[in-house]
Amino acid sequence: MNGSSQSSATLSISSISPSFPNIPVFMSQSSLHDSIHADPNSPDALKQNVQIALEHVARLQSLARSCLHGIQNAYQAGNNPAHTAVEMAALMQALRSLADFLRQTGVGAYPLPPTPESLSTPSPPTQQQLIDSTAREVQVLYERLKRIQESSTVAVNLLGAVDTVSRAR
Numbered sequence: 016m017n018g019s020s021q022s023s024a025t026l027s028i029s030s031i032s033p034s035f036p037n038i039p040v041f042m043s044q045s046s047l048h049d050s051i052h053a054d055p056n057s058p059d060a061l062k063q064n065v066q067i068a069l070e071h072v073a074r075l076q077s078l079a080r081s082c083l084h085g086i087q088n089a090y091q092a093g094n095n096p097a098h099t100a101v102e103m104a105a106l107m108q109a110l111r112s113l114a115d116f117l118r119q120t121g122v123g124a125y126p127l128p129p130t131p132e133s134l135s136t137p138s139p140p141t142q143q144q145l146i147d148s149t150a151r152e153v154q155v156l157y158e159r160l161k162r163i164q165e166s167s168t169v170a171v172n173l174l175g176a177v178d179t180v181s182r183a184r
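If you count by the numbering used here, then the sequence shown holds residues 16 to 184, one letter each, in order.
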């Protein structure tokens with residue numbers, strides 16, 4: 016094998032770690048040879064492990080979105096709950112595999128950089144925002160209950176008036 020040739024080879028992650036079946040990793044022949052004999056604590060190995068972890072996280076996001084879609088559309092016509100259950104099982108297995116990979120490689124000790132998709136997602140509400148929204152919801156419910164009580168009072172008064180009129184006759 017010539018070190019200057021940059022022919023590419025496909026290596027399945029399952030040959031590196033059995034917990035990652037069917038995820039292809041593309042490496043040059045020379046880097047494949049070097050990675051087998053390289054120090055597992057080297058920066059190149061860390062970069063490779065982080066890249067594998069990021070690819071696995073992307074797969075987890077895809078599975079999670081698919082499960083969420085199946086759950087949200089559970090009562091729609093043509094939706095198969097068995098398919099959603101299979102996706103949930105695959106999501107749980109992929110999550111366990113990622114946790115094992117992160118534990119074995121030590122990558123789990125480092126924070127993963129955010130993906131562009133996660134940067135666009137809204138942040139969780141602050142405590143003050145939660146308090147304000149809860150207060151608004153409680154006020155709406157209080158006003159609704161007050162209207163129901165007023166309507167009930169009017170109905171009782173009308174029924175009472177009809178009853179006294181019928182007794183007076």
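Calculated from the structure, these hints are not laboratory results. Note that CB positions come from ideal geometry on N, CA and C, so glycine has one too. Check before you lean on any hint, since a few could be wrong.
[Unchecked claim] Cβ pair distances, simulated, as ranges:
| hint | residue 1 | residue 2 | range |
| --- | --- | --- | --- |
| 1 | Arg118 | Gly93 | 34 to 44 Å |
| 2 | Asn94 | Gln164 | 21 to 31 Å |
| 3 | Glu70 | Ile146 | 16 to 26 Å |
| 4 | Arg118 | Lys161 | 49 to 59 Å |
| 5 | Gln119 | Gly93 | 17 to 27 Å |
| 6 | Arg151 | Leu83 | 43 to 53 Å |
| 7 | Val155 | Gln108 | 41 to 51 Å |
| 8 | Glu158 | Gln87 | 48 to 58 Å |
| 9 | Asn94 | Glu158 | 18 to 28 Å |
| 10 | Gln119 | His98 | 51 to 61 Å |
| 11 | Asp147 | Thr179 | 46 to 56 Å |
| 12 | Gly93 | Gln142 | 54 to 64 Å |
Results for each hint:
About 40 Å separates the C-beta atoms of Arg118 and Gly93, a value consistent with the hinted range of 34 to 44 Å. A hinted range of 21 to 31 Å for the beta carbons of Asn94 and Gln164 is inconsistent with their spacing of about 41 Å. A C-beta distance of roughly 40 Å is found between Glu70 and Ile146, which places it outside the suggested range of 16 to 26 Å. Between Arg118 and Lys161 the beta carbon distance is about 56 Å. The supplied range of 49 to 59 Å therefore holds.
Look at Gln119 against Gly93: about 41 Å separates their beta carbons, and that is not inside 17 to 27 Å. Between Arg151 and Leu83 the C-beta distance comes to about 27 Å, which lies outside the given range of 43 to 53 Å. For the pair Val155 and Gln108, the supplied restraint of 41 to 51 Å holds, since their beta-carbon distance comes to about 43 Å. Between Glu158 and Gln87 the Cβ separation comes to about 30 Å, which falls outside the hinted range of 48 to 58 Å.
For the pair Asn94 and Glu158, the supplied restraint of 18 to 28 Å is violated, since their beta-carbon distance comes to about 37 Å. In this structure the supplied range 51 to 61 Å is violated for Gln119 paired with His98, their Cβ-Cβ distance being about 31 Å. With their beta carbons about 48 Å apart, Asp147 and Thr179 fall inside the hinted range of 46 to 56 Å. Our hint of 54 to 64 Å for Gly93 and Gln142 is violated, since their Cβ atoms are close to 42 Å apart.
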